[in-house]
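S.K.: Build out the structure end to end from the sequences listed, making use of the hints.
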Amino acid sequence: MIYDKSSGKIVDIIKNYARKHSLWIVAYGTGCGAIELPPTMTSRYDAERFGIRGSATPRQADVLLITGYLAVKTLKRVIRTYEQMQDPKYVIGFGSCTINGGMYWDSYNTVKALDRYLPVDVYINGCMPRPEAVISGFIELQKLIEAGKANGAKKYKENLDWYRENQRKVIKNWKMPDYNW
Amino acid sequence: MREKETTLYLGPQHPGVTGNMMVKLKVAGDTVVKAETHVGYLHRAFEKLMEQRTWMQSFPIVCRICVPEPDPNEENLARAIEEIEGREVPERAKYIRVMILELSRLAAYMLWMGGQAGTAGLYTVPQWSVGDRDYIIDLFEELTGGRIYHMYIWAGGVRRDLPEGFADKVLRTMDYLESRLPEYDKLFFENAIFQKRAKGVGIIDKDKALEWGVVGPPLRGCGIKHDVRIDEPYEVYDKLDFVVPTHEGGDVWSRAMVRRQEMEQSISIIRQVIDKMPAGEYYNKVPNPLNWYVPEGDAYVKTESARGEFGYYAVSDGGLKPRRVHVRGPAYVHGVSLLEKILVGANISDVAFIMNSLGVCPPEIER
Amino acid sequence: MKTQNINIEKEIATEIQNTFHTAEVNIKRNKRIEVKLRNDLIPPFLSYAKNYLTFNHLAHFSCVDWIEQNEFELVYIIYSYEKGVIVLAKTRIDREKAEFVTTRHLWYQAETYERELHEMFGINFKGNDRLNEFILEDWEGIPPYRRDFDTVKYATDNFYTRPGREDAKDVRENVTKINKEEIPEFAKEYSVRSLK
Amino acid sequence: MALNLKGIISPYNALKQAGRKPHTVQYPYKKKEAADRYRGFHFNDIQECIGCGTCSTICQNHAIDMIEIEGLEVGPGDSGLRPRVDNGRCCWCALCVDSCPTGSLSLTKDYLYVSEDPNSFLLIPGIDNPDGQNRKSWISNGNSLLDYKRIPMRELEGQERVKSFAEVVLGYNEEEARTEAARCLGCGICTENCPVHMHIPEYINAIARGDDKMAVKIIYDNNPLGETCGKVCTRRCEEICAFTKRGEPIAIRWLKRYATETVENEKMIEEIVNPTILPPNGHSVAIIGAGPGGLTAAYYLAMRGFNVMVYEAKEHAGGMIMYGIPKYRLPLDSLDKQIEYLQSIGVEIKFNTKVGKDISFDEIRQHHEAVYIGIGFEVPYKLGITGEDASGSIQAINFLREINREKHIEIGDKVVVIGGGNVAIDAARVSRRLGAEVTILYRRRVEDMPADWEEIEGAEDEGVIIHPQAIPLEIITDENNKVKAIKYANAEMIPDPKGGRPRPKIIEGDEHILEVTTVIGAIGQEADYSFLPDDIKEKLEINRGRIVVNEDRQTSIPWLFAGGDIANRRADAIGAIADGFNAVKGIEKFILKEDK
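In the order they appear, the protein sequences are chains A, B, C and D. Numbering follows this note's numbering, in which position 10 of the first sequence is assigned residue number 1445; successive positions increment by one, without gaps. Numbering follows this note's numbering, in which position 113 of the second sequence is assigned residue number 244; successive positions increment by one, without gaps. Numbering follows this note's numbering, in which position 152 of the third sequence is assigned residue number 450; successive positions increment by one, without gaps. Numbering follows this note's numbering, in which position 18 of the fourth sequence is assigned residue number 1269; successive positions increment by one, without gaps.
Hints were generated in silico from the structure; no laboratory data involved. Here the structure is a predicted model, which is why all the values come from computation and not from measurement. Mixed in with the good hints there might be a few duds.
[Unchecked claim] Straight-line Cα separation of at most 16 Å, EDC-like style, residue types lysine to aspartate or glutamate; simulated pairs:
id : chain 1 : residue 1 : chain 2 : residue 2
1  : D       : Lys1257   : B       : Asp316
2  : D       : Lys1464   : D       : Glu1517
3  : D       : Lys1283   : A       : Asp1613
4  : C       : Lys381    : B       : Asp362
5  : D       : Lys1836   : C       : Glu479
6  : A       : Lys1604   : C       : Asp455
7  : D       : Lys1360   : A       : Asp1613
8  : A       : Lys1590   : A       : Asp1522
9  : B       : Lys452    : B       : Glu427
10 : A       : Lys1592   : A       : Asp1613
11 : A       : Lys1604   : C       : Glu479
M.R.: Here it is as structure tokens:
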């Protein structure tokens, strides 16, 4: 659940502060951007300094990184992964492909604008973004969390029908359980 | 008593698999009875996209075909075009290309080391090897302007000459990496855990290896000495002095040792290249890319990438755009038919481990 | 590289020519032999090449769509480790009734290639029972790698493109507007800007 | 299995590293500068950029749009558009930079941009990031994708040339033409400077693709004298070619020449061009003067179904391109081929018919609904110095005309030509071919000469001496009133206080005498309007010797149209062709509107 910082509840401020410093990424390299994650996470750039680390399953994760293009086949799995994640959860769009299709703008198999299918909290520019850019993206996300503005999950819940409509438009065979969360 | 068979889906969201792919396993107890690979999660239709783009416009997209090691793609496409066109490449460009290919091989092995160790539960190794790999990436950044996707090799040569003082930097980095290798030995290759996990696991039948289309380190891990750099030397590999290490056994351990020894060879090749690199032109200009009609013809070219034979079959119909470019990634065979064969009988916990040892790279399977 | 002798290539080419009289054999360069065959001769040729000429490595199996001639060209790229030579065995099949026989019995991994070509070009390989979904999922319509499949159109029809770029102008058009120049219809396709 | 003791102990070696300084890049507290070649965001030097849009074409991601920028001042040779990059498409491959002909586009070291708004990823380089100027990293180094050097034109050697009137320029062969044509980027900015706006990128692309016939067809769409232009055009188009900023422009003229020369005769032209000729519409137009303008007007009028009659005073059509341009630049058979083609599709020419002498202007007016005048400038300016009327002092324009008629003119062995335009150079080079030593006297500096630099160079190659900053004072004659010598003074250049071009001023006392056998004056010409009846002359608005026309080349008298030298200041063939071409639209508008 998402709270607004302006509501001024001290408990929210504490919650957001805590969330901000513990961002676990679900280990799903959906696209080529995943290649910059190992350098980001390991000794050279050491993203653990920010409380960022990988998590094996979506159930324990807070952040879904969409590392670039999403093939339609992957989109289906990504939606399922996202819906299995528990609040608080955030989506980071990684690189050009998530914004406007990137270099696969004319491919028949990749979705072009990620925000039609999943609520994206932060986009990182680049193809692919350097570790510095990745860290900046996380810092931006942390700022949003602290300000109580990273409410993509809330948006998703509220506009689920719209998202579903878009998702079903590209996923021809929709055989997925619905999660309540 | 026969145990009940269960179906397990390993991936596509799984920390151990080598990318966005899935292996459907039928297991009895914790032994794999049947394995079926499912790929296509990274399909971007490169070959279709290349038919929409001119030859020159294809260069920026081909490097995306294999993410950990993009350079063989650029080099292959460039060489395919050069073969169709009959275009000469300046000697210096050839040396620069070899340097890049070897640097990228090193980088790919460092990344592989991290993955292989990670799937064995050794988490210090990736911290080291991926961190050290970054020094090679820094070299790439300085030379090509990009960390991961270099877009530096193109038809006719390379895009820019070496920056000033670059050769010294390469040599310094090589010295550093060489000094690190014994430490990796101690930490990883001699590690009892790794040896115990790797020996006798994921065995490829030596007699069948050639017929099954096994290439690269997995083939040399079976004790068969084949390497495109020797069999069909491209660029200037015939002028360089190096050995192709082999290892009997055909298991994960042998493959790891082959890679370990090749890292030394790569360092030696890079030193030789820098030593022998002639001065002169680095680019034999192609016509204006808006009006570049490549004559009719076809060519199959291949490179030895970190995972094995990387082939490009390119067909030109005399037009502005390729008629067809078909990519043969080494993982195409390793990741589908071979994997399905050698996973049978393996332990579940070894599946990701074996996949890593084959260097399965999904983006080059489905492209 | 071109100056190297091509004796072994000549030997192989002669041998192939002597066995398959209708084959069109030519040496493209050193280490590359092109063999064009009638499509019913491909299975015996591959079997012969593998078992007698030691071409035991199926390096690649590709398909080229020659839509103008209504044909698919199948290209088997086989390699002999012993001889160090690559043979490109080519044949043409009808595009409408795209059917061929499997070579899975010769090379196990041919199955994967055949699955891909089946999916991407719609070629049916008789004898291969695993021509199921491989890369695509729930694909409807013509196989995407056929040249008559328009990927740009498909992408614009099915996927959302972000707005905000509608004010883009074509330079040539803009210049003609400044000039009040009228480009005749027959000349329009010669505008470089279309990159056709 | 035996206990692997070494394998258990050796990993502990890693503990050695414990005290070492970590190599972590402590971003964002400590920043690591990107490499000198890093490919980050675009930067565009807005002033250098000419909006050719090559970046937009080469971009395989369709990431670059060409858009109008508010408040951007656009000079000539600029499409007025500038690139905008969609960073949601870009892959920073820098193909755009490597194919930028002006070198204005580059990539910078900046790469950081993070936003919640996916619509905020459009960047107008150079405008949105003006500070990128100092952050440039990947720059176009001039040796990237484009070829800045044109294929050199093969010519006869200077020594060889002066022996005959053979064509100096040999023309491209097929391979050279294809290579040169392939250099073109197809932006079409060049067409802005072409008065008739020929479809330059289209026909060049047709040549690049190997389709010469299509190139010819495209050329004939608005220029029926393409071959002439291919040989002698003043090619202002090349001045603003996108390549000029850093290299040599596309050889537009030579490519046109190549394409049109592939057609051997007028029948083949007709086959290739395959013009749609409308059925006769019953209207009739008269054209006075079969110069390039008149012929162009006649050609397109005839195609539109008009009945056209061209009145030509001389025995051959072509006007100045026939009588003014020496045959080593434009051979007669080439011109004949083009004129025969025009005649073959219905252009009628009445030769040896001087209006005002053989036929009155009023008569023409009575027979035709509209009249186009393209008589050109035929009357030379006088030098205005003593001795000008002596024998041996001739006018270049008359001299060239007689030589082109293959008449013999005695000029002796020492010729001086006065003037610096193309006519002067032509006269000088013709005189060289007649065996004389030639000196050109010109008032200003060489760089001020209005002639084409190629012509000037050609003249120098042939041994013509150019004497700049020399002002003739007097022609000295002998007792038979024959030219003996010329007296001239050297001049110095005085800067114009108003900022105009510097003026020559005679240096007192620095006078010289040059012995010559012939003096050829070539300081300009004017028109002869004497054939016009007085009432028309009165109504006709004439400004400084030129008839004032509107955009449709219509004069102040609605049925009277004019073009060529008498109406425009360009004084070249293509300018006249443009006038003829545009007059057709005007005449059509005028007559057909009258119809309704």
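S.K.: When the structure is checked against the list of hints, which entries are broken? Sort them ascending.
M.R.: 3, 7, 11
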